[in-house]
Amino acid sequence: QQQVRQSPQSLTVWEGETAILNCSYENSAFDYFPWYQQFPGEGPALLIAIRSVSDKKEDGGFTIFFNKREKNLSLHIKDSQPGDSATYFCAASAGNNNNRIFFGDGTQLVVKP
Amino acid sequence: EAAVTQSPRNKVAVTGGKVTLSCNQTNNHNNMYWYRQDTGHGLRLIHYSYGAGSTEKGDIPDGYKASRPSQENFSLILELATPSQTSVYFCASGDGWGANERLFFGHGTKLSVL
Numbered sequence: 001q002q003q004v005r006q007s008p009q010s011l012t013v014w015e016g017e018t019a020i021l022n023c024s025y026e027n028s029a030f031d032y033f034p035w036y037q038q039f040p041g042e043g044p045a046l047l048i049a050i051r052s053v054s055d056k057k058e059d060g061g062f063t064i065f066f067n068k069r070e071k072n073l074s075l076h077i078k079d080s081q082p083g084d085s086a087t088y089f090c091a092a093s094a095g096n097n098n099n100r101i102f103f104g105d106g107t108q109l110v111v112k113p
Numbered sequence: 001e002a003a004v005t006q007s008p009r010n011k012v013a014v015t016g017g018k019v020t021l022s023c024n025q026t027n028n029h030n031n032m033y034w035y036r037q038d039t040g041h042g043l044r045l046i047h048y049s050y051g052a053g054s055t056e057k058g059d060i061p062d063g064y065k066a067s068r069p070s071q072e073n074f075s076l077i078l079e080l081a082t083p084s085q086t087s088v089y090f091c092a093s094g095d096g097w098g099a100n101e102r103l104f105f106g107h108g109t110k111l112s113v114l
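Line order of the protein sequences matches chains C and D. The numbering of the first sequence is my numbering, which starts it at 1 and goes up by one. The numbering of the second sequence is my numbering, which starts it at 1 and goes up by one.
For the record, the hints were derived by calculation from the structure and aren't laboratory data. Every value quoted in this text rests on a predicted model; they were computed, and no experiment measured them. Hints are not guaranteed to be accurate.
[To be verified] Under 10 Å between C-beta atoms, here's a sample of chain C residues computed to sit facing chain D:
| # | residue |
| --- | --- |
| 1 | 43 |
| 2 | 44 |
| 3 | 104 |
[To be verified] Derived Cβ-Cβ restraints for the label pairs, each shown as a range:
| # | chain 1 | residue 1 | chain 2 | residue 2 | range |
| --- | --- | --- | --- | --- | --- |
| 4 | D | 7 | C | 39 | 18 to 28 Å |
| 5 | D | 16 | C | 113 | 44 to 54 Å |
| 6 | D | 17 | C | 113 | 28 to 38 Å |
| 7 | D | 63 | C | 41 | 17 to 27 Å |
| 8 | C | 29 | D | 44 | 15 to 25 Å |
| 9 | C | 45 | D | 112 | 18 to 28 Å |
| 10 | D | 79 | C | 81 | 39 to 49 Å |
We put the beta carbon where it would ideally sit given N, CA and C, even for glycine.
Start from the sequences, fold in the hints, and give me the full structure.
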């Protein structure tokens, strides 16, 4: 079954707005949650990540909010720019699972100028 | 300079033919992975490897074989290609063990099986 779920599948926001991408997971053993960003024609690249001991991680205009009790997290993109238009993958892994990283199906973000 | 290089970038194959997708990494990472990406399915793991000589089945291994002859090279082999294997394939290398591995992806190979 799907280990990591993302919503919405696609999201359109205007330039300057905050985009909110959601992610949830089933396995309580997951303790590392990276987000990967993918531009058209390229492979995904690590954007930002959080460990389950934290409830918030910021890097530039990107912030992860993590809720361990509810088993969900969200990526907030503040002051979105057209250059942030990409597909964003939420992922999860557990230290006791032989390195497997489980990806969600992605959220395609379009930022309109 | 690209650390994970895939070849070819585009491939057109015929049904029943043999296809080999190649991946080379200069990161000196032990772990390497093959994913396919289809609309609505995100990234699905086909095969992976923990080092030269090792290959492991991922979530969707049927119809695919993998080969890891060296630290740097990891190939994905379709012995009898089918139209359902039309997809974009990504190779990645991983930088460590435990729950904080970072994956470095290649640019992908677009495969069309006619």
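Results of checking the hints against the structure:
The closest approach between the C-beta of residue 43 of chain C and any C-beta of chain D is roughly 3 Å, which is under the 10 Å cut-off, so the hint is satisfied. The beta carbon of residue 44 of chain C is positioned within 10 Å of a beta carbon in chain D (closest approach about 5 Å), and the interface hint is therefore held. About 6 Å separates the beta-carbon of residue 104 of chain C from the nearest beta-carbon of chain D, less than 10 Å, and the hint is met. A beta carbon spacing of about 21 Å between residue 7 of chain D and residue 39 of chain C agrees with the range 18 to 28 Å that was offered as a hint.
In this structure, residue 16 of chain D and residue 113 of chain C meet the distance hint of 44 to 54 Å, their C-beta atoms being roughly 48 Å apart. Range check, residue 17 of chain D to residue 113 of chain C: about 45 Å between beta-carbon atoms, so the 28 to 38 Å window is missed. Between residue 63 of chain D and residue 41 of chain C the beta carbon distance is about 26 Å. The supplied range of 17 to 27 Å therefore holds. For the pair residue 29 of chain C and residue 44 of chain D, the beta carbons lie near 21 Å from each other, so the given range of 15 to 25 Å is met.
Residue 45 of chain C and residue 112 of chain D have their C-beta atoms about 25 Å apart, which keeps the hinted 18 to 28 Å range intact. In this structure the hint that residue 79 of chain D and residue 81 of chain C lie 39 to 49 Å apart at CB holds, the actual value being about 46 Å.
Hint 6 from the list above is the single one not met by this structure.
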